[in-house]
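Going line by line, the protein sequences match chains A and B. Just so you know, we're using our numbering here: the first sequence kicks off at 174 and counts up by one. Just so you know, we're using our numbering here: the second sequence kicks off at 789 and counts up by one.
FYI, nobody ran anything at the bench for these hints, they're computed from the structure. Don't be surprised by glycine CBs; every beta carbon is placed ideally from N, CA and C. The reader is advised that the hints may include incorrect statements.
[Said to hold, decoys possible] Restricting the straight-line Cα-Cα distance to at most 25 Å, the calculated cross-link-like pairs of lysine-lysine (BS3-like) are:
(1) K289/A / K363/A
(2) K363/A / K292/A
(3) K289/A / K918/B
(4) K252/A / K994/B
(5) K292/A / K247/A
(6) K994/B / K918/B
(7) K292/A / K252/A
(8) K799/B / K918/B
(9) K363/A / K411/A
(10) K918/B / K287/A
(11) K993/B / K292/A
[As the list claims (entries may be wrong)] Simulated coverage check for chain B against chain A, where a stretch passes if three residues somewhere in it have a Cβ under 8 Å from a Cβ of chain A:
(12) 798-805
(13) 899-908
[To be verified] Chain B is faced by these chain A residues, among others (derived, beta-carbon under 10 Å):
(14) K252
(15) H256
(16) V264
(17) L278
(18) G318
(19) D332
(20) P334
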Amino acid sequence: MDSPQAVIEFRDVSYHLPNGREILRHLILQVQRGEILVLLGRSGSGKTTALKLVNRLLELSEGELRVEGRPARKWDVIKLRRHIGYAIQDVGLFPHFTIERNIGLVPAIENWPKEKVAKRVEELIHLVGLNGDVALRYPHQLSGGQRQRVGVARALAADPPILLMDEPFGALDPLTRSDLQREFLSLQQKLCKTVLFVTHDLREAMLLGSRIALLEEGRLVSISTQEEFLTSSNPLVKKYVEVFGTTLESSGKRDNA
Amino acid sequence: MNFWNFIAQNKLEIADLTLEHLWMVSISTLLAVAVGIPLGILITRRPSLRKPVIATANIIQTIPSLALFGFLLPAPWIGDRAGRLAILALTLYALLPLIRNTYAGINGVEHAVVEAARGMGLTDWQLLFKVELPLAASVILAGIRVAIVISIGLATIAAAIGAGGLGELIFRGLAMVNNAVILAGAIPAALMALLADTLLGWLEKKLAPQRAA
């Protein structure tokens, strides 16, 4: 039962609101080291909730969730969160900090020496494809795409082995989104983080995911590789593939041309 | 006796009363800040306390000022000296804008910013001091500004219980039916309020968080 490779493990996890409404039901899921597991589902399917249970922004109601083999509730919550990078759709950059301070905040409060923080920030700015001159600007002076890059850089700042990403590219225009997805993929090949990635976009899931887990109304419908997903006989999976089918095909044609 | 003559003849007394006025307002504002801001923070952390705290501050606000000065007279230690009493009353009146603005300022910090801060592992104190308070600063300062302007006006009534300040001249002028004397108290008080308002307004703008373009 215990797999040494599972970095994040949902063991029969349920989450319900104080009023009793069930958001997640009996989720069983393992995220292996170095993979990008995509949680796919429509709004309200429980995918964001599942993500927030991992870094304990929400506390699960039943079951057990293990991070690095250890129950999440046994972790010191601050240590747990600093072990896990977190990037969200609305980015949430600190508007009163420069980009430099935004990215370097966690290293700074972890008491890294100043020079080491500065070096790390510079490295990260280039790693996410930004120009060095953004360092001293404020978030409101950046474009949406640039802000999202800063968000990813900030999540990577203290070099956490795990990343949680909640539709980080969702609010971007299609071209910028596609750029960032590709860059993220090549970045991931370099860094080999363990990533749990939430999206409602099957195209994004197909592009990024090592495996795709489909959630619907708080339940896990299927978990499979991309190829298996496309050929699955599960009716809900089929529906997804159908809806996205035309765009998937046309993108395929474009690539062949 | 005309206004300018009265000013010229009593400039030392007017300066004295102005200082006394300023003293009452400053001390009571400092006390209100020391109590109101922590209370405002507390109710962002314990939502169940929000209603009772705000309601209490609201009720205090509705007590007519003259009556509040009277109510406090029998209080031990406080009631011994009119100055103490006036400062306590002014502090109580200043609480509401401080509590409310601290609460509103912290609650108004963008949800994504707080979520990101928590998600990256900031402790509660780090979240408060590095993120929430700096971003709420201009709203909290707006509360302090309102509190000070209200206090400067209210402090004139403190003269009714013998606490001094510029109200002294106003009450004297009323008794003498002499507008020049009333104005000698009212105009410096009004100027003080305007000055404080302008100064804090300027500071508030400086502290306002940068907005998305």
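Here's how the hints hold up against the structure:
{"no.": "1", "hint": "K289/A / K363/A", "in the structure": "holds (21 Å)"}
{"no.": "2", "hint": "K363/A / K292/A", "in the structure": "holds (19 Å)"}
{"no.": "3", "hint": "K289/A / K918/B", "in the structure": "holds (21 Å)"}
{"no.": "4", "hint": "K252/A / K994/B", "in the structure": "violated (36 Å)"}
{"no.": "5", "hint": "K292/A / K247/A", "in the structure": "violated (33 Å)"}
{"no.": "6", "hint": "K994/B / K918/B", "in the structure": "holds (18 Å)"}
{"no.": "7", "hint": "K292/A / K252/A", "in the structure": "holds (23 Å)"}
{"no.": "8", "hint": "K799/B / K918/B", "in the structure": "violated (47 Å)"}
{"no.": "9", "hint": "K363/A / K411/A", "in the structure": "violated (33 Å)"}
{"no.": "10", "hint": "K918/B / K287/A", "in the structure": "holds (18 Å)"}
{"no.": "11", "hint": "K993/B / K292/A", "in the structure": "violated (34 Å)"}
{"no.": "12", "hint": "798-805", "in the structure": "violated (count 0)"}
{"no.": "13", "hint": "899-908", "in the structure": "holds (count 10)"}
{"no.": "14", "hint": "K252", "in the structure": "holds (8 Å)"}
{"no.": "15", "hint": "H256", "in the structure": "holds (8 Å)"}
{"no.": "16", "hint": "V264", "in the structure": "holds (7 Å)"}
{"no.": "17", "hint": "L278", "in the structure": "holds (7 Å)"}
{"no.": "18", "hint": "G318", "in the structure": "violated (14 Å)"}
{"no.": "19", "hint": "D332", "in the structure": "violated (13 Å)"}
{"no.": "20", "hint": "P334", "in the structure": "violated (14 Å)"}
The structure does not agree with the numbered hints 4, 5, 8, 9, 11, 12, 18, 19, 20 stated previously, though it agrees with the rest.
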